[in-house]
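K.L.:
Sequence:
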Amino acid sequence: IMDKKMAQPFVYQGLIMNKNETFDFINEQISTNEVVLFMKGTVDFPQCGFSAMVVGILQTLGLKFKDINVLENPDLRQGIKDFADWPTIPQLYIAGEFVGGCDIVREMFETGELSNLIKGIHNDHTKPTTQENSAIEAS
Numbered sequence: 007i008m009d010k011k012m013a014q015p016f017v018y019q020g021l022i023m024n025k026n027e028t029f030d031f032i033n034e035q036i037s038t039n040e041v042v043l044f045m046k047g048t049v050d051f052p053q054c055g056f057s058a059m060v061v062g063i064l065q066t067l068g069l070k071f072k073d074i075n076v077l078e079n080p081d082l083r084q085g086i087k088d089f090a091d092w093p094t095i096p097q098l099y100i101a102g103e104f105v106g107g108c109d110i111v112r113e114m115f116e117t118g119e120l121s122n123l124i125k126g127i128h129n130d131h132t133k134p135t136t137q138e139n140s141a142i143e144a145s
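According to this note's numbering, the sequence shown is numbered sequentially starting from 7.
One should not assume that every hint holds.
[What the hints assert, rightly or not] Calculated lysine-lysine pairs in the DSS-like style (CA-CA distance at most 27 angstroms, straight line):
hint, residue 1, residue 2
1, LYS72, LYS46
2, LYS46, LYS70
3, LYS125, LYS70
4, LYS125, LYS72
5, LYS72, LYS87
6, LYS70, LYS87
7, LYS87, LYS46
Since the hints were made in silico from the structure, they are not lab data.
Please take these sequences and the hints and turn them into a complete structure.
P.N.:
This is the structure:
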């Protein structure tokens, strides 16, 4: 039996959570993963152009990251907006800190600021493919 004051539970990748646990879940993800992207869809199948652009930028930089599909649950989708007090998705977190959404990430990438930010990250960099570079340049 659920207390009427508690929000309805939701399931994210098999985890049942209530609204009160959403922030705990988000905190756990950004504290245990150096780079986290809350996005619409997945890294392999982005479901919006903005999420696809940020994925492409991160791949171009050779940055490994955890992707979390907010479309799997409406409470998580709203919860991440409330958590960062930021109205849009995708949202990028690096070293536990909110970096921004698509426009900010793209601007930081274009100016080199994002490359400077990730220099301190202990991430397994991989060389991007030509196809990934072309996707970014075409955006």
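K.L.:
Does the alpha-carbon distance linking LYS125 and LYS72 stay inside the 27 angstroms limit?
P.N.:
Measuring from Cα to Cα gives roughly 18 angstroms; hence the hint holds.
K.L.:
Are the Cα atoms of LYS72 and LYS87 separated by 27 angstroms or less?
P.N.:
18 angstroms, holds
K.L.:
Checking one constraint from the list: CA of LYS46 to CA of LYS70, max 27 angstroms. Satisfied?
P.N.:
The given pair, whose Cα atoms are some 18 angstroms apart, holds under the 27 angstroms limit.
K.L.:
Would you mind confirming whether the straight-line C-alpha gap from LYS72 to LYS46 stays at or under 27 angstroms?
P.N.:
It holds: about 13 angstroms lies between the C-alpha atoms, which stays within 27 angstroms.
K.L.:
Can the restraint linking LYS125 and LYS70 be considered satisfied, given a maximum Cα separation of 27 angstroms?
P.N.:
Roughly 13 angstroms separates the two Cα atoms, so the pair holds.
K.L.:
Do the alpha carbons of LYS70 and LYS87 lie within 27 angstroms of each other, as the hint requires?
P.N.:
23 angstroms, holds
K.L.:
Hinted pair, alpha-carbon criterion (27 angstroms max): LYS87, LYS46. Please report holds or violated.
P.N.:
13 angstroms, holds
The structure meets every hint from the earlier list without exception.
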